[in-house]
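Order-wise, the sequence lines are chains A and L. Residue numbering for the first sequence follows our numbering, starting at 1 and increasing by one per position. Residue numbering for the second sequence follows our numbering, starting at 1001 and increasing by one per position.
Note that these hints are calculated values from the structure, not bench results. Small disclaimer: the values here were computed from a predicted structure and weren't measured. Fair warning: there could be bad hints in the mix.
[Said to hold, decoys possible] Derived Cβ-Cβ restraints for the label pairs, each shown as a range:
#: 1; chain 1: L; residue 1: LEU1138; chain 2: A; residue 2: ARG483; range: 48 to 54 angstroms
#: 2; chain 1: A; residue 1: VAL55; chain 2: L; residue 2: VAL1084; range: 46 to 52 angstroms
#: 3; chain 1: L; residue 1: LEU1064; chain 2: A; residue 2: TRP486; range: 17 to 23 angstroms
#: 4; chain 1: A; residue 1: ILE485; chain 2: L; residue 2: ALA1070; range: 39 to 45 angstroms
#: 5; chain 1: L; residue 1: MET1123; chain 2: A; residue 2: ALA13; range: 52 to 58 angstroms
#: 6; chain 1: L; residue 1: PHE1153; chain 2: A; residue 2: TRP243; range: 50 to 56 angstroms
Idealized CB from N, CA, C, for every residue including glycine.
The primary structure of each chain is shown beneath.
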Amino acid sequence: MGFSFDYLLQGFATALTFQNLFWALVGCFIGTLVGVLPGIGPVSGIAILLPLTTVLPPTSAIIMMAAIYYGAMYGGSTTAIVVNIPGEASSVPTAIDGYEMAKQGKAGPALAISAISSFVAGTLSVIALTFFAPMLAEFAVVFGPPEYFALMFMGLSLVISLSGRALLKGLISMALGLGAALIGQDPLTGAARLTFGTVTLNAGVDFISVIVGLFAISEVMINVEQRITAISELEISNWMPTWADIKQCGWTMIRATGVGFFLGLLPGCAPSVTTFVAYDLEKRLSKHPERFGKGAIEGVAAPEAANNATSTSGFIPLFAFGLPTAPSMAVLLGGLMMYGLQPGPMLFQQNPQFVWAVIASMYIGNVMLLILNLPLVGMWAKICKIPFYILGPMIVFCAMVGTYSIRFQPFDVWVMLLFGVLGYFMRKLGFPVAPMVLASVLAQMLETALGQSLLISQGSPLIFFTRPISAVFMALALLSIGRGIWAQVRAKAPEIALEDPD
Amino acid sequence: MKTQRAADITAGCLVALIGIFVLSASTWISEAGVHRLSPRTFPYVVGCLLLLCGAGLALKTWSLRGEDPAIAWPDREGVRTIVVSLVSLAGYIALMNPLGLPLSTFLYLTFAIWYLNRSRWWMALTIGLITGGISYVLFIRLLGLSFPAGFLFEG
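One chain only, chain A, in its complex shape:
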């Protein structure tokens, strides 16, 4: 997969034709809509539209599909910030600080910084994709199950910092999330676990139901109880972030892009993991970590940049090896194969015009998304001013549509309701909810990687410490855990969650 300026220029020439520009614009628009609307994530959005694109030439069709994918990543943050509904696990860290900003009358700056950091991360990632793809593709191949397990274990150790001063409560929240994810069939053996003989529980608990319940439904309950008139009763003074805000987020965006991009190369390392890692990194590096969870603008910029960087870097293993790193990538792979294009090293030799046109269109798509999204900031931010007696039931409607559409079974919506009530009590009693989300997202990947690793090592856990990459991740995780426990032992204070329950 060699880089050539000639190919890139030819790619731009193809991507800049009127037809391809038009379909990229359509894709960006539909993608943003898919991200904002409940019930259709990027996977179903692309899957629904895939058959409709058969009338288009392959290049235009894939340009449009890719635009839908990264457009959805832009749009997904909107509901998380404005109404605290993270439709995807990757939007959870955005909701933590974004929604706090919205409540403080800063929904506009939060949405705008989300669009700007998405643009910066998207563009930097496409540049990296253009110039360093061959080297980076090799990086993805050296990752085996032990490295994945160590990475996921490190991800789980983020619970320590997400818990603030309430380590025990954070660990309980994490254990409950893990427990919820274990219900159903064991991923390796298929054995039924914690199902108590019921068929419905065999299918397991989907983490989207957990997330929507914990965030959206419990938020509605809190607001209903307090009889608030609108999410933000403050006058919205600024629609855009100040230069100081953008400057403050500059390095955050670059760091989060790096985290999202490199971790995004790994199959299975979805934005749901990278956004948490980027958020945690920013909190640790910040001079004022106490602002995180209370409306820190870097808390919005970091996960949004990581999200978009991960989405872009996922194209490297897809093009280079035909390896989809996320469900949406698997649908895109299906799209490529539908047009008779076989991803892998030969794709670059046999169809260079196609690959470079798609890469060039990503540069253009990012600019289009910024132009599309920034003027809409005011419109989305005004949602915070809608009277809550209308907005509250509408949030429930969106949550209902979103969770029902996971498997089109009422069971998922009952789970959402149950976790909504649980989330309400957790917030009242000062239990952090983010560790529960993180654990429910990571549980299955963690267990699968552990099972596969132990099969390779014939049952020896030393495999995680004898392979250099996994040893580094394990050391970082253990350091983080040790530091957290030490801080707790020294503090001797009551358990107070970092996330303010109100």
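Position chain L relative to chain A; hints supplied.
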């Protein structure tokens, strides 16, 4: 559970009990072969974590003395509003399959908006009607998602 201390001790004991329940439920899971990660391993870990952390929270809170803030529980009116909102949501879920998305959405939104703002029933009715209609056109007709259409729109 009026104060944080009482709530933490109660919650800790409850979590420890859940841990014991998970541990006992894990013994019913079938075992795997040699060198395989047993399907029981993670449930056991979760059960132990819940038991230890729950007991730890209860004991730690019990042993600490000092400021004990009150928990901001809702007043009687707040409790009633939450209960009615939750019951109406449960009704919405229960009616989804028999009545379909458009009609159950219409009924839920009309009731919930009217209940939260008793004065403007006509506005609740209009929003319910429009959203129910949009849900049918957008999710069922245009996007072709497998939501139940209900007896009004089937056939």
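Does the Cβ-Cβ separation between LEU1138/L and ARG483/A fall within 48 to 54 angstroms?
holds, 49 angstroms
Given the hint of 46 to 52 angstroms, is the C-beta distance from VAL55/A to VAL1084/L inside that range or not?
At 51 angstroms between Cβs, range holds.
Range hint 17 to 23 angstroms (beta carbons of LEU1064/L and TRP486/A) holds or violated
Once the Cβ atoms are compared, 18 angstroms apart, the range 17 to 23 angstroms for TRP486/A and LEU1064/L holds.
With respect to the beta-carbon atoms only, verify the hint that PHE1153/L and TRP243/A lie 50 to 56 angstroms apart.
holds, 53 angstroms
Can the suggested window of 52 to 58 angstroms be confirmed for the beta-carbon pair MET1123/L and ALA13/A?
holds, 55 angstroms
Indicate whether the distance between the beta carbons of ILE485/A and ALA1070/L respects the range 39 to 45 angstroms.
violated, 30 angstroms
Hint 4 alone, counting from the list given before, is not met by this structure.
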